[in-house]
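Build out the structure end to end from the sequences listed, making use of the hints.
Protein chains in written order, with the numbering used here: chain A, 135 to 729; chain B, 750 to 835.
Possibly wrong hints are sitting among the right ones.
[Stated by the list, open to error] Here are the computed lysine-lysine pairs in the DSBU-like style, where the Cα-Cα straight-line distance is at most 35 angstroms:
no., chain 1, residue 1, chain 2, residue 2
1, B, K797, A, K341
2, B, K834, B, K797
3, B, K834, A, K341
For the record, the hints were derived by calculation from the structure and aren't laboratory data.
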Amino acid sequence: MKRIALLGMPNTGKSTLFNRMTGGAARVGNWPGITVELLSGKILLGPDMVEIIDLPGIYDLHGYSDDEQVVRHFLHDNVPDLALVIVNTTQIERQMSLLLQLKQLDMNIVVILNMADEAKKFGISVDAAKMSALLEMPIFLLSAKYGSGYPEALQAVTKALRYPTPGMAEELRSQLEQDEHIETEMARVLKHTVQVPARLSDNLTDKLDSVILHPWLGLPIFFAVMYFLFQGIFIFGQPIQAGIAEAFTWLRETALVPLLSSLPQALQGLLLDGIYNGVGTVAAFVPIIVLFFLFMAIVEDSGYLSRAAFLMDALMARLGLDGRGFVMLLMGFGCNVPALMGTRVMRSRAMRLLTMLVIPLSLCSARLQVFIFFTAALFSPKAAPLVLFSLYMFSFATAIITALLFKNRFKNTEPFVLELPPYRFPTLRQMALRGWLEVRHFLRRATKFIVVGVVMVWLLTHLPLSAVPASADTLAGMIGGALHPFFAPLGINEQLTIALIFGFIAKEIVIGALAVIYSLSGDALGSAIGQQLDWVQAYSFMLFTLLYTPCLATVATLQSESKQLKFTLLSLGWSLGLAWLVSFAFYQGARMLGY
Amino acid sequence: MRYFKFTIIMSATTLAALHPGDIATIVSIHAEEALHLRLLALGFRSGKQIELIRKASFSGPLQVRVGTTDVMLRRVEAAKIEVLKS
Ligand SMILES: Nc1nc2c(ncn2[C@@H]2O[C@H](COP(=O)(O)OP(=O)(O)OP(=O)(O)O)[C@@H](O)[C@H]2O)c(=O)[nH]1
Ligand SMILES: [Mg+2]
Numbered sequence: 135m136k137r138i139a140l141l142g143m144p145n146t147g148k149s150t151l152f153n154r155m156t157g158g159a160a161r162v163g164n165w166p167g168i169t170v171e172l173l174s175g176k177i178l179l180g181p182d183m184v185e186i187i188d189l190p191g192i193y194d195l196h197g198y199s200d201d202e203q204v205v206r207h208f209l210h211d212n213v214p215d216l217a218l219v220i221v222n223t224t225q226i227e228r229q230m231s232l233l234l235q236l237k238q239l240d241m242n243i244v245v246i247l248n249m250a251d252e253a254k255k256f257g258i259s260v261d262a263a264k265m266s267a268l269l270e271m272p273i274f275l276l277s278a279k280y281g282s283g284y285p286e287a288l289q290a291v292t293k294a295l296r297y298p299t300p301g302m303a304e305e306l307r308s309q310l311e312q313d314e315h316i317e318t319e320m321a322r323v324l325k326h327t328v329q330v331p332a333r334l335s336d337n338l339t340d341k342l343d344s345v346i347l348h349p350w351l352g353l354p355i356f357f358a359v360m361y362f363l364f365q366g367i368f369i370f371g372q373p374i375q376a377g378i379a380e381a382f383t384w385l386r387e388t389a390l391v392p393l394l395s396s397l398p399q400a401l402q403g404l405l406l407d408g409i410y411n412g413v414g415t416v417a418a419f420v421p422i423i424v425l426f427f428l429f430m431a432i433v434e435d436s437g438y439l440s441r442a443a444f445l446m447d448a449l450m451a452r453l454g455l456d457g458r459g460f461v462m463l464l465m466g467f468g469c470n471v472p473a474l475m476g477t478r479v480m481r482s483r484a485m486r487l488l489t490m491l492v493i494p495l496s497l498c499s500a501r502l503q504v505f506i507f508f509t510a511a512l513f514s515p516k517a518a519p520l521v522l523f524s525l526y527m528f529s530f531a532t533a534i535i536t537a538l539l540f541k542n543r544f545k546n547t548e549p550f551v552l553e554l555p556p557y558r559f560p561t562l563r564q565m566a567l568r569g570w571l572e573v574r575h576f577l578r579r580a581t582k583f584i585v586v587g588v589v590m591v592w593l594l595t596h597l598p599l600s601a602v603p604a605s606a607d608t609l610a611g612m613i614g615g616a617l618h619p620f621f622a623p624l625g626i627n628e629q630l631t632i633a634l635i636f637g638f639i640a641k642e643i644v645i646g647a648l649a650v651i652y653s654l655s656g657d658a659l660g661s662a663i664g665q666q667l668d669w670v671q672a673y674s675f676m677l678f679t680l681l682y683t684p685c686l687a688t689v690a691t692l693q694s695e696s697k698q699l700k701f702t703l704l705s706l707g708w709s710l711g712l713a714w715l716v717s718f719a720f721y722q723g724a725r726m727l728g729y
Numbered sequence: 750m751r752y753f754k755f756t757i758i759m760s761a762t763t764l765a766a767l768h769p770g771d772i773a774t775i776v777s778i779h780a781e782e783a784l785h786l787r788l789l790a791l792g793f794r795s796g797k798q799i800e801l802i803r804k805a806s807f808s809g810p811l812q813v814r815v816g817t818t819d820v821m822l823r824r825v826e827a828a829k830i831e832v833l834k835s
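Listed below in structure tokens is the structure:
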């Protein structure tokens, strides 16, 4: 099968074009370094099936960070039949250097001048035909995001695939000496084909930046937006979640209970109290998660991430990290796994490891579900968003403490140079795609982990069958009892302990497990927990949930990205220890103060 | 003669010493290879105009504009870029 590779500098729209070509679901965002590994899709081009490969962005052919290595290894191992080189038209006066470097490799190339819409808006004009003649390569102006110019380009790609693949220069590195030649060639082509106005007419970005990057308004704006997000979650999301949970309960009583009444008692219990209640309680959170990710999609596509890096770099530098580390913490709010992978853009291994050590402390969307559930059950509607906000502050604070404590073990001198792309807004299509990706992600986790988790919790709380369910005589009771000395000083009871154990697999299981343990669902579960715990116990439990080992997927990613068992164990041990210490200090402190 | 020399020294400075709103021309870049290549790819070349847009508070990074690209970089890195203020 013929292969087309998408090459280009970071943030030029390779993944957007990939999605347009393949109908795929590559992650897109206005941040250099969203894609950090290969992704491939197949399409029918003319008579043949062709494989399209989306690659991480590269600045030149000499980079050696882990994401750039992915590209170099790919080019070394398989010469693509066609390289589709994506250039951001608005920045062609610098990005052409990469194009000329790639040209020297003697590959079959079609050039895409992407973001034609923005170029037009900014007043930049390019004579693609003339450039094509000067460079002797097919060149097409298009907009991967909105689709203009796409059909013509696709036709040219189909045509170009018919030519045989020329060989590629063996040693990529030997190209280095020719950079001087590139400079003059670049100047020559640009002079004849590109017109850039003296002042770019992107006033919107300049105006927004003067507020968002304001020396002393910048950070307050950041925290205010965060606070309003949580307010939004409780105003819009939480009622939907409660409604769905009620609907699940209604369905159970009116349809499932009568339907399954002929089954043996134990099996009924497993199906209804175990799987149905457990998974249903978690599934009720899907709309909140989708809403949350739509918000994240807007943030990621807006270009705000780079601004956050700008605002926070001064603090991060004192922690041995840089602005990108903070952005990874923000990305971790969605899910820790892509955030961990996103550190591949860092060249210094020490900085990469230090960043990977703090990311698991970032309050991910799975933990968010647990916290929404507990805050809604235990706090007044007015206090709930504040409680949630305080947990995010704990998340930041523990990340800062961790970096401070470990920065000398992971000393580095990585330079910090990063582009600030213009502000953008995702299309509805892009947002819908993101929402769908999250639902799919949830369904995968649900089928893989959550069902297994809740079934195991049910078994533990019901075996041996002679014992009263969820009593001290069951397996769960025995385990909870054995761990009691460890958790009692934190105000965490035996039921919650069992939930925490299974939360190790995936944090969503915590609420699913509680539904099973209490054999209740929906509102009833919330009020049962609300009656049993006071707010100090609940907050201590939430702190522990926030900090202890994130989930199996995160642990696996820590290992696969660091390739050091020692590091993975350090991360595991540290987060567990920190969770215990923080909960202990909070619980005992609050009790001492008389709460 | 002496006076003349003095003025040249005054206007040849590094990017780190510029103020927001200043426009200058890049003279040379004194960075190690990896950083140098990254700066090249981001459009930093001798002879090009560069504008300092803003400085972050608490000695944070600088935002500069080279050609059509906005870039942030730390003051340490900016000090490695020699510029001629215009
Ligand atoms: N205005 C406009 N924006 C675009 C276009 N193509 C992509 N974008 C936006 O540019 C940003 C980067 O897009 P991506 O597809 O993630 O870029 P990428 O090259 O895959 O980036 P990396 O994976 O980080 O290397 C996103 O905000 C896109 O929505 C376009 O044609 N016009
Ligand atoms: Mg990409």
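Any hints this thing doesn't respect? Which numbers, in order?
-> none
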